[in-house]
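Based on the sequences and whatever the hints tell you, model everything.
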Amino acid sequence: LKNYVYFLGSIPNKNIPKKLKTADLLINLSHTGSLDKVVLEAMSCELIPITANEAFENLLEEKLLTKQNDYHLLAEKILGIKKLDKTEKKEIGKKLRKIIIEKHNLDNLVDKIINSFK
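Going by the working numbering, the sequence shown opens with residue 2, and the numbers climb by one from there.
Hints were generated in silico from the structure; no laboratory data involved. Quantities reported herein were computed from a predicted structural model and do not represent experimental measurements. Keep in mind that a hint or two might mislead.
Unchecked claim - Within a straight-line C-alpha distance of at most 35 Å, the following computed DSBU-like cross-link-like pairs (lysine-lysine) qualify:
1) K90 to K15
2) K96 to K68
3) K83 to K19
4) K87 to K38
5) K119 to K99
6) K99 to K84
7) K20 to K104
8) K113 to K84
9) K68 to K3
10) K15 to K95
11) K83 to K104
Have a look at this one:
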C-alpha cells in the first residue's frame, strides 16, 4: 500500500483546510462516541469522510459509515466512494458542507454553550 497511502504526520492547524481540500477521502476510525473535529473539518471542506464513529450515524449517509475493526467493510466503503463519478462526489461534498453550515456553525455552538448554563 505504500505506493497509494501515506501519512503526513502532524500538520499546523492553519494548514489543515488546505490539506483537506487536496485529499481524495478522509478515513476516521476513532471510536470516541462524540463528533470528532477532524470529520467536521473534512465535511466543511467538502471532503468525503468514512467514519467508524457511531456519533455520526444520524448525520451521515450509510455509505459513509463503517464499523470498528471491520476492514472488509471499510474496503467496501472506500471502493464505493472511488467508483462514484466526479459529479456525484462533488454533490456529496456540497451536502456535507451544508450540514456543517446549518447545524455546526459557530453561532449554533455559542447558543448551545449559553443554553447549557441556563
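Mind checking the alpha carbons of K87 and K38 for me, to see if they're no more than 35 Å apart? 25 Å, holds
Is the Cα-Cα distance between K83 and K19 35 Å or less? It holds: about 21 Å lies between the C-alpha atoms, which stays within 35 Å.
Is the Cα-Cα distance between K119 and K99 35 Å or less? Answer holds: K119 to K99 is near 29 Å, not above 35 Å.
Between K68 and K3, does the CA-CA distance stay at or below 35 Å? Distance of about 24 Å is within 35 Å: holds.
Regarding the pair K15 and K95, is the alpha-carbon distance no greater than 35 Å? 22 Å, holds
CA of K96 to CA of K68, is that 35 Å or under? 23 Å, holds
Run the distance test for K83 versus K104: straight-line Cα separation, threshold 35 Å. 27 Å, holds
Does the structure keep K113 and K84 at a Cα separation of 35 Å or less? Not OK: K113 and K84 at ~39 Å, beyond 35 Å, violated.
Given the hint that K90 pairs with K15, does the C-alpha gap stay at or below 35 Å? Holds, because 25 Å separates the two Cα atoms, which is no more than 35 Å.
Does K104 sit within 35 Å of K20, going by the straight-line distance between their CA atoms? Distance of about 24 Å is within 35 Å: holds.
Would you mind confirming whether the straight-line C-alpha gap from K99 to K84 stays at or under 35 Å? Judged against 35 Å, a Cα distance of about 23 Å means the pair holds.
In this structure, the one hint that does not hold is number 8.
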